[in-house]
Amino acid sequence: MDYFEPKTVSEALSLLAKHGAEAKVIAGGTDVMVDIKYKEEPGCLVNIKKIPGLGAIQENGAGLRIGPLVTIRELETNKLVREKLPVLWEASHQFASLQIRNTATIGGNICRASPSGETLTPLLVLDAKAKIAFTDGEKTEPFASFFQGPGKCSVGLNGLLTEIAVPYPAPGSRGVYLKHAVRGAMDIAMVGVAVLVTPDAAKNSLQDVRIGLGAVAPTPLRASKTEALLRGKPLSAGLLKEAAAMAASESSPISDQRSSAEYRRWIVEALTRRGLEQTWKATTGKEVA
Amino acid sequence: MSITINTTINGKAVSAGAEASTSLLEFLRDTLEYKGTKLCCNTGECGACTVIYNGKPINSCVTLAADANGAEITTIEGLADGDKLHPVQQAFIDTGAVQCGYCTPGYIMSVKALLDRTKKPTLEEIEEAVSGNICRCTGYAKIVDAIQLAAQKL
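Residue numbers (numbering that gives the first Met the number 0), protein chains in the order written: chain W, 0 to 288; chain H, 0 to 153.
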């Protein structure tokens, strides 16, 4: 196996162009090392950890620019992430173990494009965007269209994720990330649900609502029909029930060793209900009536 | 492809060659003969291979050995001062927190890192700090006792 430590993004891109499908990008290594040990060694490994400028969290106007080499622990312990992006903070806090959070990077979690990737549904509901570098230029893509299937995303074989741009949600909004797993720590989510709610100025109705579903389809996804059903309405008990059931119907889970598809749909329903209830209460100070 | 790794292990400068695909765990155990760090799941799930990397606990099995270049690494062998055990090691003995012992070095490294960053950890902080370490003898209560004792002694 060949091994490279490029010092710039363009050097990394030339290596990826030259080695094509033989090349594997590695950062934290928490997924790639397991593949090397248990699946197969790639023809060459491109370690991007030595590229300067990809590991910072910066405030930029009304949002954060997060470098792909930022570790999950750095996200978890960042004051701005905790205060301004609690939905992303909660996902980082519930991410694997401390040891893994100390090495795993947000860029790795994204480019792995696993439907259960912990940070992905928060990025979807935050309307975050990926900046991707290619040899012939850069492109910015919303995460809404970034994920194409398990392990497949817009970065492809030749691109490199260089930045994650996360706008702050509207003032008065609240997000939650709810994860269902057997074990509190270390476990992969059977279902992950991110909910972000913005009430209207009078706090009577849902001006904006975004629901992200993880581990229940080939990619993390937004429950857009459910969002449309809720938008502009006060959250009544009847509407809450209807919305939770609709979110479950928007998911298309598989059965695997972690749970059956049927069980996953029940959990989507339960977590969507819980997430909407919590965010409605937190933003309006009202019970669901 | 073989690469040269220049690193610092337990305060000692070390230079050695390794295949590029080598994990830090394999480098420590097989190249440098530091056998205290344990190989168990080899997927970053059990914590038996925990070492302290630039002050932070990490799973050495899913870390590239090449990333040890220029880093400071502490393993279980680096804790005792001659024959005098580190207070965390002694606390595990005093409270009977060791059963089969295989997970113990990983636990002790996680606890050392915890007590380096938090002098008086709460029960919640203790549980979080070792939530990535699994003991299949399931002696968790005594391990928590050991951590609380070590925190008092340090």
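In case anyone wonders, no lab produced these hints; they're calculated from the structure. A couple of the hints might just be wrong.
Below 30 Å or equal to it, Euclidean Cα-Cα: the simulated DSSO-like pairs (lysine-lysine) are [as the list claims (entries may be wrong)]:
id: 1; chain 1: H; residue 1: Lys11; chain 2: H; residue 2: Lys34
id: 2; chain 1: W; residue 1: Lys202; chain 2: W; residue 2: Lys128
id: 3; chain 1: W; residue 1: Lys48; chain 2: W; residue 2: Lys151
id: 4; chain 1: W; residue 1: Lys17; chain 2: W; residue 2: Lys138
id: 5; chain 1: W; residue 1: Lys36; chain 2: W; residue 2: Lys17
id: 6; chain 1: W; residue 1: Lys23; chain 2: H; residue 2: Lys118
id: 7; chain 1: H; residue 1: Lys83; chain 2: H; residue 2: Lys152
id: 8; chain 1: H; residue 1: Lys119; chain 2: W; residue 2: Lys78
id: 9; chain 1: W; residue 1: Lys36; chain 2: H; residue 2: Lys11
id: 10; chain 1: H; residue 1: Lys118; chain 2: H; residue 2: Lys11
id: 11; chain 1: H; residue 1: Lys141; chain 2: H; residue 2: Lys11
id: 12; chain 1: W; residue 1: Lys49; chain 2: H; residue 2: Lys55
id: 13; chain 1: W; residue 1: Lys38; chain 2: W; residue 2: Lys17
id: 14; chain 1: W; residue 1: Lys6; chain 2: H; residue 2: Lys118
id: 15; chain 1: H; residue 1: Lys152; chain 2: H; residue 2: Lys118
id: 16; chain 1: W; residue 1: Lys202; chain 2: W; residue 2: Lys23
id: 17; chain 1: W; residue 1: Lys38; chain 2: H; residue 2: Lys83
id: 18; chain 1: H; residue 1: Lys55; chain 2: H; residue 2: Lys83
id: 19; chain 1: H; residue 1: Lys11; chain 2: W; residue 2: Lys48
id: 20; chain 1: W; residue 1: Lys49; chain 2: W; residue 2: Lys138
id: 21; chain 1: H; residue 1: Lys83; chain 2: W; residue 2: Lys83
id: 22; chain 1: H; residue 1: Lys55; chain 2: W; residue 2: Lys48
id: 23; chain 1: W; residue 1: Lys138; chain 2: W; residue 2: Lys224
id: 24; chain 1: H; residue 1: Lys119; chain 2: W; residue 2: Lys49
id: 25; chain 1: H; residue 1: Lys152; chain 2: H; residue 2: Lys141
id: 26; chain 1: W; residue 1: Lys83; chain 2: H; residue 2: Lys118
id: 27; chain 1: H; residue 1: Lys55; chain 2: W; residue 2: Lys6
id: 28; chain 1: H; residue 1: Lys34; chain 2: W; residue 2: Lys36
id: 29; chain 1: W; residue 1: Lys36; chain 2: H; residue 2: Lys152
id: 30; chain 1: W; residue 1: Lys83; chain 2: W; residue 2: Lys224
id: 31; chain 1: W; residue 1: Lys78; chain 2: W; residue 2: Lys130
id: 32; chain 1: H; residue 1: Lys34; chain 2: W; residue 2: Lys78
id: 33; chain 1: H; residue 1: Lys34; chain 2: W; residue 2: Lys48
id: 34; chain 1: H; residue 1: Lys119; chain 2: W; residue 2: Lys83
id: 35; chain 1: W; residue 1: Lys224; chain 2: W; residue 2: Lys130
id: 36; chain 1: W; residue 1: Lys36; chain 2: W; residue 2: Lys49
id: 37; chain 1: W; residue 1: Lys23; chain 2: W; residue 2: Lys48
id: 38; chain 1: W; residue 1: Lys36; chain 2: W; residue 2: Lys138
id: 39; chain 1: W; residue 1: Lys78; chain 2: H; residue 2: Lys83
id: 40; chain 1: H; residue 1: Lys34; chain 2: W; residue 2: Lys38
message: Under the constraints set out in the numbered hints, which ones does this structure not fulfil?
response: Hint check: 6, 11, 14, 16, 17, 21, 24, 29, 32, 38, 39 fail, others pass.
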